[in-house]
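Participant: Here's the letter readout for the chains.
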Amino acid sequence: MNAVLPTRTAAFEARLKKRYAAERRFKALGLGAILFSVAVLALLLGSMMLNGIGGFKRAELTVTIDFGASGIVVDPSVLAQANAVQTLEALELPDIVALAARNSLGEDGAAQLNSQAWREAAQAIVADPTNLSREVTLDLAATEDLARALDGEGPPELVSLAERLASAGKLEENFDTGFLGRSDATDAQLVGIWGALKGSMLTMLITLACAFPVGVLAALYLEEYAPKNRWTDMIEVSINNLAAVPSIIFGLLGLAVFLTIFPSWRSAPLIGGLTLALMTMPVIVIAGRNAIKAVPPSIRDGALAIGASPVQVVFHHVLPLALPGILTGTIIGMARALGETAPLLMIGMRAFVATPPDNLTSPATVLPVQIFLWSDEIDRGFVERTSAAIIVLLLFLLVMNGLAIYLRNRFEKSW
Amino acid sequence: MSPAFLLLLAFGLGLAGWLAARARAFGFRRAQPDLRLLALPAYHGWYVALWIVIPAAMFILLWSVIAPQLVMQSVLAGPEAAALPAFGFQREAILAEARAVALGNAGAVFNPAARELVEPFRVAIGRMNMAGAAVTIAIAILTGTWAFLRLKPDFRARNRVERGVMVMLLLASLVAILTTLGIFVSLVFETVRFFGMVDPLSFLFGTTWSPDPMSSTEAVDTSRYGAIPLFWGTIYIGAIIAMIVAIPLGLMSAIYLTQYASPAWRKWLKPALEILAGIPTVVYGYFAALTVAPEIRDIALSIGITNASSESALAAGLVMGVMIIPFVSSMADDSIAAVPQAMRDGSLAMGATTSETIRRVLVPAALPGIVAGVMLAISRAIGETMIVVMAAGYAANLSANPLETMTTVTVQIVAMLTGEASFDHPATLSAFALGFVLFLVTLGLNIVALRVVKRFREAYE
Chain V
1 MNAVLPTRTA
11 AFEARLKKRY
21 AAERRFKALG
31 LGAILFSVAV
41 LALLLGSMML
51 NGIGGFKRAE
61 LTVTIDFGAS
71 GIVVDPSVLA
81 QANAVQTLEA
91 LELPDIVALA
101 ARNSLGEDGA
111 AQLNSQAWRE
121 AAQAIVADPT
131 NLSREVTLDL
141 AATEDLARAL
151 DGEGPPELVS
161 LAERLASAGK
171 LEENFDTGFL
181 GRSDATDAQL
191 VGIWGALKGS
201 MLTMLITLAC
211 AFPVGVLAAL
221 YLEEYAPKNR
231 WTDMIEVSIN
241 NLAAVPSIIF
251 GLLGLAVFLT
261 IFPSWRSAPL
271 IGGLTLALMT
281 MPVIVIAGRN
291 AIKAVPPSIR
301 DGALAIGASP
311 VQVVFHHVLP
321 LALPGILTGT
331 IIGMARALGE
341 TAPLLMIGMR
351 AFVATPPDNL
361 TSPATVLPVQ
371 IFLWSDEIDR
381 GFVERTSAAI
391 IVLLLFLLVM
401 NGLAIYLRNR
411 FEKSW
Chain P
416 MSPAFLLLLA
426 FGLGLAGWLA
436 ARARAFGFRR
446 AQPDLRLLAL
456 PAYHGWYVAL
466 WIVIPAAMFI
476 LLWSVIAPQL
486 VMQSVLAGPE
496 AAALPAFGFQ
506 REAILAEARA
516 VALGNAGAVF
526 NPAARELVEP
536 FRVAIGRMNM
546 AGAAVTIAIA
556 ILTGTWAFLR
566 LKPDFRARNR
576 VERGVMVMLL
586 LASLVAILTT
596 LGIFVSLVFE
606 TVRFFGMVDP
616 LSFLFGTTWS
626 PDPMSSTEAV
636 DTSRYGAIPL
646 FWGTIYIGAI
656 IAMIVAIPLG
666 LMSAIYLTQY
676 ASPAWRKWLK
686 PALEILAGIP
696 TVVYGYFAAL
706 TVAPEIRDIA
716 LSIGITNASS
726 ESALAAGLVM
736 GVMIIPFVSS
746 MADDSIAAVP
756 QAMRDGSLAM
766 GATTSETIRR
776 VLVPAALPGI
786 VAGVMLAISR
796 AIGETMIVVM
806 AAGYAANLSA
816 NPLETMTTVT
826 VQIVAMLTGE
836 ASFDHPATLS
846 AFALGFVLFL
856 VTLGLNIVAL
866 RVVKRFREAY
876 E
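Protein sequence lines, in the order shown, are assigned to chains V and P.
Using the numbering used here, you'd call the opening residue of the first sequence number 1 and step up by one each time.
Using the numbering used here, you'd call the opening residue of the second sequence number 416 and step up by one each time.
Simulated from the structure, these hints should not be mistaken for lab results.
Misleading hints may appear alongside valid ones.
Computed Cβ-Cβ distance ranges for the label pairs, DEER-style [what the hints assert, rightly or not]:
no., chain 1, residue 1, chain 2, residue 2, range
1, P, Ala687, V, Phe175, 27 to 35 Å
2, P, Ser625, V, Ala351, 22 to 30 Å
3, P, Pro678, V, Lys18, 24 to 32 Å
4, V, Val237, P, Phe620, 27 to 35 Å
5, V, Ile405, P, Leu585, 32 to 40 Å
6, P, Arg870, V, Lys18, 35 to 43 Å
7, P, Arg542, V, Glu89, 32 to 40 Å
8, V, Pro297, P, Pro678, 31 to 39 Å
Think of the CB as a built atom: it goes at the ideal place given N, C-alpha and C, for glycine as much as any other residue.
The following block holds chain V by itself, in its conformation from the complex (with noise of 0.2 Å):
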């Protein structure tokens, strides 16, 4: 007989602590990395937010313009119409601006003040017209180089003049209101991102109103009706491929095909929400499909019992049932939709769009194509601008993710 062994001895305590040592560091190792992905997460936002929160505002100068001495008569009625701004610009109001700008600020300080500047002293009038007929402070929009002389960079000379105006109260970083409510420009200080915003919230409706019913009602038709045939096995090949296609291949698509048959609709956001409609579609017809499954057969067997037919089962009961599966579904695929870039750069979206779209086939851009071109621009400015577009980006993918979590939350059943 062997006589037993000690089983803990010196060498196996060696061992022992060896590979409880490579525990320890493998269990550091899986938290390294999944701190690392939380710590870029953290540097991401973090850079996003501290140029983003200077892209909310601009340096703007304080004019006092006495429209009353300026001798401007309109007729209010006049200022109700479209071209009120252009009818102001014929009554002189931009040498108006000027020389009130001249007696605030003093020669070199007119000098910053922004050539655009009297668009906004225009609207200020059209928005109420009883500033016509008195005293008013506007602070209005400075130069470019003043407002990078404010924050302390560029010639020496500008930089003092800002610190003068500063101290004096007439130079002011200002939260920007208008940056939600303007457009494209090719001045800094002037963007805004209404335009980009309303040709996102178009492209977005088209999206949805061609990605929504078809990738429903063929969730529907693969999951509750379609034999097992090659045709059927073909559709299910082609939507998971589809999902998994790169985006940009569905801009190829859509130059191809849909500029080809409407040539003089480049750019119009029907064209860009079908083609993201095309890349949405597989997503949507694939959370459908999951949802869809989900619902018990019960259910549909009891419908079955009492007489309903088969369609009707499915849009009486399952469908309902369904619903806010395919609804969390879709926020998610919309959310992706609503920041993709690639496919809409291809099908034209990449001009300069000054005005925000009028209609669904009116040249336009959209939220993320917006930051691409700007991006591209090498002013300073811009890049704080950029930032900003950024922020106002993902609070608006953060509230369809919300909005979807909570959905599910609310309403998901486990049966």
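Once you have looked at the hints, place chain P on chain V.
Facilitator: For chain P alone, coordinates are given in the frame of chain V:
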């Protein structure tokens, strides 16, 4: 009258038809109270409504395509069009401008030649609008009346409606096949045109990529269309640098989240990864170009590498890797979860530590699934566009130095299609050839990966 208005009109008529048909079905009931209808009154309504809306909608769709062309023809046939320049860009510009003014999309005419044409356009558009509305109404009334006259007490309206619904379901699911086919056909069509100008072999194996969008389309310099530097850049950034970042970090994240993290930690860490997955690529691209790339250049300069550029393959690849981490992590998560609990329990019962169990049992058992996930991740990385457009640059370099500017297939697709070249120039068409290569490669990776996943799942079921 826009197509949207016409559609609204069709839906309005459909609603009227629905109400009328339902009322008629109720009328049947009232007339013969002891008679049972073979379908509920609402189904009679739906039957008529579908017969009104669907033919009208089909006509409107067709009309919105051909009407602008009819307008253009009738304007060009008029006497005012005789003064137009015969061909070319200017003629198009004048016509487009006059059309825009006539539609009210543009305020005033800049080109005097266009002013003459505004009125004919307005007249023609007005005439076409009237014609469109008239035909829509006529079709709706015709088909609606026909359907309405078929209603009888013993008419099986529900069966008819349900057959229509089934056809709609089938058509909806065919959209996916049509899209796939559309992608394939349009890419092949343009690629064949490109290969008519540039030899496929010199495209696939040439090592110089410098298309000149301004060159003449007559004598194409084939040697400028060598795509090897693009393929290399794509593989280097997407399949090498990004994967060096994403595979270990994604795998370790998945292992930590599934095997080690307490539920409280997991509740916070998992959404963080999901946020990372939900950030748009244009934001990643901006982050790469604005924050990461200058940082990398500064580090390179500080260790004595003087030729570091501000756009580098490394910056794009690193950020792309971070973008892919959640994807790899969730794929690895699924595969590890699919390994039967008994295998893990057996290993632990033999005295292995958790990490030994993971490394020697779970990961080897889950390996096919993990490999498939990595293939899907690579297919996503090489199709990614915005990060490389913004951070990797446009210069085609065949180099292994990660600090150099490199370009990828997707970047060149964007560059070629947003440049100044005309649509039938080989530079433009090359974008479709590149897209076709990209499509085939990603498709191949996906099909293989899905097959591996399927077989792997079956092995444990």
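Participant: For which of the previously enumerated hints does the structure constitute a violation, in increasing order of number?
Facilitator: none
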